[in-house]
Amino acid sequence: ETGVTQTPRHLVMGMTNKKSLKCEQHLGHNAMYWYKQSAKKPLELMFVYNFKEQTENNSVPSRFSPECPNSSHLFLHLHTLQPEDSALYLCASSQDWTAEGGETQYFGPGTRLLVL
Amino acid sequence: AQKVTQAQTEISVVEKEDVTLDCVYETRDTTYYLFWYKQPPSGELVFLIRRNSFDEQNEISGRYSWNFQKSTSSFNFTITASQVVDSAVYFCALSRFYGQNFVFGPGTRLSVLP
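Residue numbers (this note's numbering), protein chains in the order written: chain R, 1 to 116; chain C, 117 to 230.
Hints in this document: simulated from the structure, not taken from any laboratory. Beta carbons are placed, not taken as given, at the ideal position from N, Cα and C, and that holds for glycine. Wrong hints could be hidden among the right ones.
[As the list claims (entries may be wrong)] With a straight-line Cα cutoff of 30 Å, these simulated DSBU-like cross-link-like pairs (lysine-lysine) come out:
1. R/22 x R/41
2. C/154 x C/132
3. R/19 x R/40
4. C/186 x C/154
5. R/40 x R/22
6. C/119 x C/154
7. C/154 x R/22
8. R/52 x R/22
9. R/36 x R/19
10. C/119 x R/52
11. C/186 x R/52
12. R/40 x R/18
13. R/52 x R/18
14. R/36 x C/132
15. C/154 x R/52
16. C/119 x R/40
17. R/36 x C/119
18. C/154 x R/19
19. R/52 x R/19
20. R/19 x R/41
21. R/41 x R/52
22. C/154 x R/36
23. C/186 x C/119
24. R/41 x C/119
25. R/52 x R/36
26. C/186 x R/41
27. R/40 x C/132
28. R/18 x R/41
29. R/36 x R/18
30. R/36 x R/22
31. R/40 x C/186
[Claimed, not checked] Across the chosen pairs, the derived CB separations fall in these ranges:
32. C/162 x R/40: 17 to 25 Å
33. C/121 x R/7: 31 to 39 Å
34. C/162 x R/41: 14 to 22 Å
[Stated by the list, open to error] Over the 10 Å line for every Cβ pair with chain R, so calculated as not near, a few chain C residues:
35. 180
36. 183
37. 188
38. 201
Isolated chain R (complex conformation):
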């Protein structure tokens, strides 16, 4: 596997379900990100992890819960979502920000989530 992978690619869930999105990067990076992309809206940064520590949470509702067990894996745990949470969820990774080129983010293919 190369680059950034995300599973599942598609997910349909009810509002009472609990599910998790998984992201794995094979680039040796130290920072990982979750973005939400809704129809006709700009990309919204949700969470940032740098060296497994959460450094940013952009006022994301608590029904979204991130987890970063190591620098290669990032999860987004979902529970009691709303229909308006239906979107494409993108994961990205980058090198340490202090490294040359560390600010360039590389993206996975995304998980298309539909909440019924």
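Using the hints, position chain C against chain R.
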């Protein structure tokens, strides 16, 4: 605050035409990075280019070229002799020097018709 504007929401061209995608940014930083990403229908954002604020040289990569003008805070992207495979949404983005506060523009949807 940082902001990226892509005034063109959608553009349609016929194959082999040249097309320029506009990007205007706002930042109070003196050092920053600018990016272009391509998002084909499959959804993945593909990194195309990174440019730092110290380097105003234009860049060409095959059919792609980028024009960075600090004086007008613009970082425009031109595709020469467009192809159907260029159809995608293109995002311009801005980040601070150490990668924090990564801001994307709203994107421009490019349709290249055969």
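Any hints this thing doesn't respect? Which numbers, in order? Those not satisfied are hints 11 and 14.
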